[in-house]
Each structure stands twice: as C-alpha cells, then as structure tokens.
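Chain order of the listed sequences is R and V. Numbering of the first sequence is given in this note's numbering, commencing with residue 1 and proceeding in unit increments. Numbering of the second sequence is given in this note's numbering, commencing with residue 220 and proceeding in unit increments.
Just to be clear, a hint being listed does not mean it is correct.
Claimed, not checked - Simulated crosslink set (DSS-like; lysine-lysine; CA at most 30 Å straight-line):
hint : chain 1 : residue 1 : chain 2 : residue 2
1    : R       : 119       : V       : 423
2    : V       : 327       : R       : 85
3    : R       : 155       : V       : 342
4    : R       : 89        : V       : 437
5    : V       : 423       : V       : 289
6    : R       : 119       : V       : 327
7    : V       : 408       : V       : 257
8    : V       : 257       : R       : 148
9    : V       : 365       : V       : 349
10   : R       : 85        : V       : 439
11   : R       : 97        : V       : 408
12   : V       : 289       : R       : 119
13   : R       : 85        : V       : 423
14   : V       : 289       : R       : 30
15   : V       : 365       : R       : 119
16   : R       : 203       : V       : 257
17   : V       : 423       : V       : 439
18   : V       : 437       : R       : 119
19   : R       : 85        : V       : 408
20   : R       : 97        : R       : 203
21   : V       : 439       : R       : 97
22   : R       : 119       : V       : 408
23   : R       : 89        : V       : 257
24   : R       : 89        : V       : 289
25   : R       : 30        : V       : 293
26   : V       : 289       : V       : 257
27   : R       : 119       : V       : 378
28   : R       : 89        : V       : 327
Stated by the list, open to error - Quick list of the computed label-pair ranges, beta carbon to beta carbon:
hint : chain 1 : residue 1 : chain 2 : residue 2 : range
29   : V       : 365       : R       : 121       : 44 to 54 Å
30   : V       : 360       : R       : 160       : 22 to 32 Å
31   : V       : 242       : R       : 163       : 50 to 60 Å
32   : V       : 439       : R       : 163       : 24 to 34 Å
33   : V       : 242       : R       : 77        : 38 to 48 Å
34   : V       : 432       : R       : 156       : 36 to 46 Å
35   : V       : 426       : R       : 191       : 51 to 61 Å
36   : V       : 432       : R       : 96        : 23 to 33 Å
I should point out that these hints are in silico values taken from the structure, not numbers from a laboratory. Beta carbons: idealized from backbone N, C-alpha and C, even for Gly.
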Amino acid sequence: MEKVRATVDKKPQSAPKVAFFKSTEKRDDKWSTLLVEVGESQDRRAFAELFAHFAPLLKSFAQASRQDGWFPGLAEDLVQEVMIKVWQKAGGYNPQKASATTWIYTVARNCRIDMLRRKCNTQHLPLENEDFWHEPDEETPVSLLRQKRTEDHVKQSLGQLPREQNEILRKVYLEGKSHAEASQELDLPLGTVKSRVRLGLQKLQILVAPEFREELLND
Amino acid sequence: MTKVLNHHPTPEMLVEFSAGTLDTATSICVASHLHFCKCCRDEVARLDEVGSQLMAISSPETIDDALFDKVMVKIDQPQPVAEAAPAPKTGISGFPVHVNKLIHNASKTPVWKRLSSSMEEAKLFTGQNKFEVALHKICAGGVTPKHDHRGLEYTVVLKGSFSDESSVYTEGDFIIRQPGDVHQPMGAKNGECICLSVQESPIKLTSFLGFFLNPWLKVKPA
C-alpha cells in the first residue's frame, strides 16, 4: 500500500487547464473512488486501503490538538471513531461535492469536538457537532466547479504562504486554538492574529465574497 | 433560501466554526445562519478545504496493525441504537434541524414564558456554561423596551422579521450586539417574529423602569 501512495503523490497536483472545462467536476482521485466503493458495496478491501492512508494522517491530526482537556492518549480513540464513522456513513458521500480527504477531515473535526465536549461535560449533550452540518445543498454545476477550484487552489498555494501565516493557520486548524488563544500564545495582539489569518485565507482565495469585504470594514 | 442576507457572522466566526474552535452556543447561532445563507455555507465549505489540506500534508504517524483489526471487529458488531438519533419530526417548520432538536430535547415544543405584553421567551438547554440560549418571540407590531447590552449577544432571525433604529432584520440575519449598542427592537406588523438568541450577560434597560428592574435581570447559561 505504501507503494500505491507513493505513485499517487507523484501525480501532478492540478489538472491541466483543458480538463477544467470538460471535467464533470467529479472527484476521481484514488481515495474518493475508494470511498465511493465502500459506500456502494461495503468493499472491505477498499476500506483497508483508505485506512492505511488516512489512519496515520488522522492520528497526526489528533496529536496536533492542543485544546484544553485533550491528551495524546485520545489520538487512537479518535482514529478508531473516525474510521468507524467513515464505514458507516460512506453511503452518504458524494464525490461531486467534496474529495474524500475533505469529507474525512470534516468527520474527524466533528469527532474531535464531540470527544472534547463529552470529556468536559458530565451531562448528556443535546447536540453532536455534525448536527450543525445538516443542510442539504442545491448545488449547481457552477458552484461545484468553484468548490473544486478552491480545493485545487488551496492544495497548490498552502505551501507558498509566508511562514507566519502558515503557522497561524496550523494553530487554528490543527492545534484547535481560537483566535484569542492564539494571540495569547504567540504574544501578539488579537488584531494581528485576525489579520494574519485573513491574509493567509485571502492568498488561498478564500474569504473573497464582497459581502465579507463590508464585514471586514465594520469589524 | 437563496436570498441574499445583509447581516452575517464575522469572518473570524466562520473560520472558528470551520476549525471547530467556536464555542457551542455561538456555533448554534452560526449554524442557524448557515441554514438560511448560501453564501456563508459556501464560505465555510471553502474554509473546510484549509483544514483538510493541512491534515493531508501533515506527517503521517505510525499506526499499530491491531488498531485496524479493532476497527474491523467494531464495524461487524450490530450498531448500537443510540447512533445518530433521527431528526425530530416535531418542531417548527422552516427552522434549522439542530434548533428543532434542541426544542425537542427540552420539551417537545417550546415552553413560552411571557416577558412583556409583546414578548415571550423559551429557554433551551445546550450543555454549555458561557451563554444563555433562548428563543424570543415578538408579536406582530410588538414594541420591546429600549435596552443596552452588558455582554455579547448574538441573535438570528428564524421566522418573520423585526427592526430597530438601524435596520430591518429578516429570516437568517445574524445580529451581533455588544455593550454600548442601545436598541429597541420592534416586531414587523405582518406577523410574529421568532429569534434565536445567545446572551453572555443580561440586557440593561435604559428607561426609567430599568433603574428598578436591571438588578433583577439575570442569565442562566445552560
């Protein structure tokens, strides 16, 4: 399986420009295809391949957490919980909407929050984090295409961000720090943290909607 | 659902929502706004790509083979019934699923308590201790007392509309109030308005009556 991963990684990261126009926007990377197979026919071989690729990344994601109440021993619990959810929910995966990586990341993020909330709370929690992601979307070919472009762009540009912007995004997404916590840790004013996050995201061509421009001014 | 809204959460809130670092009560509000706002849903979907790619390029950790076997054993076991409680069939039509779930968990239907002749409140239990989370209902044309805020307050309009001195707020609008923001909400004339609101601290009535009532206003985070 290691061999397979190596060949996939060598593939050019972005499709040629022509493909952009005739593409059906369906994710056809190896992992998305495998995830569809798990969803459609409970294919155990496909699941084993997904596990071999994602479990090490999920563990890395879990170990990166620096949230209150989180400890390293939870990492394998998270991997387990996420991979079981992947098996159970694969039927609902739509490769047009997101890549397998993104889909699995969102499962992991939601699991991590729920594990933390369960740890910090003795009462029965009335909501799970995935309850917040229930909205079915009326996707159009254009919106799907845009989402695919964001995905490709983020993939290409993440490595080119200035060090400090990369650092802050890692703090927020991987360590799970709020802007306020990051500002304390880095000993930077909150405004500086916010603007670094924004600059980084704008370079990734996220946070571009005009209505947000207005919000940015009002803040 | 495709209408363009004027009042959105801040970009920071969407980032923290996507990264999973936003507190529960504020997340409930942001998710309620997302229910109505396609443009913010798309923004969050884009933001999710950042976390996803950061995870994808992180250096993989070694996984013990036994873990795979453990997972395979678990997926072969019959699923516990508790897994993903189905969305409640009750609730208020047009409301976000998670809000209906909160209402359902609390009492099947909202338990309204009268606050004034024009306003009712139904508190919700959300399992956190930072904000009080409640539904507020303003009757058609109802005028609420003018007030200031002693802490942060987020409001999302779930049904109908209301207005204050600065704007008109319709379904999905996300309103942020801070200490010093004095306003007097008024329900639209054409029907009742229901909002979800989370409050850090009680409001502060600015009228003469407030002098007597303010010391008694409390919030109970739950």
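Hints, verified against the model:
no. : hint                      : in the structure
1   : R/119 / V/423             : violated (35 Å)
2   : V/327 / R/85              : holds (28 Å)
3   : R/155 / V/342             : violated (44 Å)
4   : R/89 / V/437              : violated (43 Å)
5   : V/423 / V/289             : violated (56 Å)
6   : R/119 / V/327             : holds (27 Å)
7   : V/408 / V/257             : holds (27 Å)
8   : V/257 / R/148             : holds (17 Å)
9   : V/365 / V/349             : holds (24 Å)
10  : R/85 / V/439              : violated (35 Å)
11  : R/97 / V/408              : violated (41 Å)
12  : V/289 / R/119             : holds (22 Å)
13  : R/85 / V/423              : violated (46 Å)
14  : V/289 / R/30              : holds (25 Å)
15  : V/365 / R/119             : violated (41 Å)
16  : R/203 / V/257             : holds (22 Å)
17  : V/423 / V/439             : holds (16 Å)
18  : V/437 / R/119             : holds (28 Å)
19  : R/85 / V/408              : violated (47 Å)
20  : R/97 / R/203              : holds (23 Å)
21  : V/439 / R/97              : violated (40 Å)
22  : R/119 / V/408             : violated (46 Å)
23  : R/89 / V/257              : holds (24 Å)
24  : R/89 / V/289              : holds (18 Å)
25  : R/30 / V/293              : holds (25 Å)
26  : V/289 / V/257             : violated (40 Å)
27  : R/119 / V/378             : violated (35 Å)
28  : R/89 / V/327              : holds (28 Å)
29  : V/365 / R/121: 44 to 54 Å : violated (37 Å)
30  : V/360 / R/160: 22 to 32 Å : violated (56 Å)
31  : V/242 / R/163: 50 to 60 Å : violated (29 Å)
32  : V/439 / R/163: 24 to 34 Å : violated (45 Å)
33  : V/242 / R/77: 38 to 48 Å  : violated (23 Å)
34  : V/432 / R/156: 36 to 46 Å : violated (58 Å)
35  : V/426 / R/191: 51 to 61 Å : violated (36 Å)
36  : V/432 / R/96: 23 to 33 Å  : violated (55 Å)
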